[in-house]
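Keeping the supplied structure of chain U fixed, place chain X with the ligands upon it in accordance with the hints.
If you read the protein sequences in the order shown, they are chains U and X. At position 133 of the first sequence the residue is numbered 133 (this note's numbering), and the sequence of numbers has no breaks. Going from the second sequence to this note's numbering is simple: count from 1 and add 1000.
Hints listed in this document are in silico derivations from the structure and should not be mistaken for laboratory results. Just so you know, not all the hints are guaranteed correct.
As the list claims (entries may be wrong) - Capping the alpha-carbon separation at 25 Å, the derived lysine-lysine pairs in DSS-like fashion look like this:
id	chain 1	residue 1	chain 2	residue 2
1	U	K411	U	K199
2	U	K89	X	K1066
3	X	K1066	U	K335
Said to hold, decoys possible - From chain X, some residues computed to sit far from chain U (all C-beta separations above 12 Å):
id	residue
4	H1006
5	E1020
6	L1035
7	A1036
8	P1051
9	A1052
10	E1055
We put the beta carbon where it would ideally sit given N, CA and C, even for glycine.
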Amino acid sequence: MTPVTAEMPMVVDRQGPSGTHRLFAAGNDAGLAEHVQTFGALPSHGVDARLIDVVEASGLTGRGGAAFASWRKIAATVDARSGAPLARKPVVIANGAEGEPLSFKDKALLAHAPHLVIDGLLTAARAVSGGQLFIYATDAGLPAVERALAQRHDSRSVRLVAAPETFISGEASAVVNGIANGPALPTDHRRRLSESGFKGRPTLVLNVETLAHMALIARYGSAWFRTEGSDRDPGTRLVSVSGPAGDRLLEVAGDAGLGDVLSSADIDTSSIQAVLVGGYHGRWVRPMDYRLSPTGPASHTVRPGAGVVHALPDSVCGLETTAQIVGYLANESAKQCGPCMFGLPAMARVLNSLAYGGRDPQLVRELGRLSRMVTGRGACHHPDGTAQLVGSALEAFSAEVAAHLAGTCSKRMGRRS
Amino acid sequence: MSETLHIDWTRCDGRGLCTELLPTLLDRDDWGYPLAKRATNGDRSNVAVRPAHSEAAREAVHLCPKMALSLANQVAGFGQ
Ligand code: SF4
Ligand code: SF4
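Chain U on its own, in the form it takes in the complex (with noise of 0.2 Å):
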């Protein structure tokens, strides 16, 4: 589509932050003084249908997990939106339900830079000519947003939901039903939400890091936005990192080198054997020579997914901690889907067994059988991204795999018979 050249709409009359310092430039806890001191106000003009071209130039992907183009998303909603009989406006719903156990970094956005977010949440409704919009957390997001909405008055439209704190109450379609309906379980993918989400109307879900990109892009323009991070992966992401050393959110440039996030975090990297990357539907990935992408080679990429990175210390078995993992995927399934619900319990049975003692070397067999026959087979991705996660562990701890078939664990000597 058109490259954005002195046509762009925005009007561009401010730097933007420089440096990977770009969401939380406002410090912790802003309100909207400082909010608007740092990115000054949202434009007036040109924030319309115009900034599908400008998301879509800046490269702008959903840091909810997918990596989906965001203009993709905002185009499909305006299309169907034409497109139905009664042209019904848009509902248009900030994402920060944030499920992962592993990832804390929508809760920090939403306490320390709400007012980003809801510049984000306008911005998109303003390109889709957005009806209701919505901003659905869980509990420990709501007060700081509620509180930036009181200090606003262009945000009346703005309604807060509380999300449950479920695995899977993030999904897209989860939110959806979660708002109109009560239970945040998926709903069956037969129609996109852009068609027909929330009440039938096209509905628009934006994790809630990707709207306040939005905001920033709103403002300051793609070529701003792609000044960080490389062309496959442009600006920057929000990442929560975890691991002996403790938890550390930190907001590094697209494309960022693995070990260095793990420097990054002050992560002895000598001490780790293993990380965890997209979270508990990600990969394992050792060592640490990769890149995190959401698209590249799987031999030198991984896919970030909602920004998660987990070190694993060597005196912890690998094995263990994803039979650990995969027990939690299989008790959050929504139990809706027949494949998910009897099919992640299978899985997670055979992985404990692995885990703790089992020697039987069809086990490793039954788990990639039971892996195929559940993927694809779910209202939602949730089989699919467990799956990945029990495949990616049998690859990274193949030597222990080993070790565990012949009846010992290099992580713990002497405990096992």
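For chain X with the ligands alone, kept in the frame of chain U given last:
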């Protein structure tokens, strides 16, 4: 135009009536749920139906006690 048989996993109860009506397209998995014998682009919730099986597929849609099946000419669905 080729059709696809969409399985709504949130409705299906896995008793397997459809797998009996469409043995060329569907197997049963470990728990009785319909398992596409061939996946199109890894998608096993939207099963390609060749014209020869169109009639049987229509019957399955009609007879599924949970109204979990539907036929469409193309598939929608955002990844997320
Ligand atoms: S695939 Fe699993 S988690 Fe997703 S909707 Fe179905 S039962 Fe729920
Ligand atoms: S007939 Fe319907 S409910 Fe029964 S297994 Fe097939 S899709 Fe599921």
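query: Taking each numbered hint in turn, which are not upheld by the structure, reported in ascending numerical order?
result: 1, 2, 4, 6 and 7
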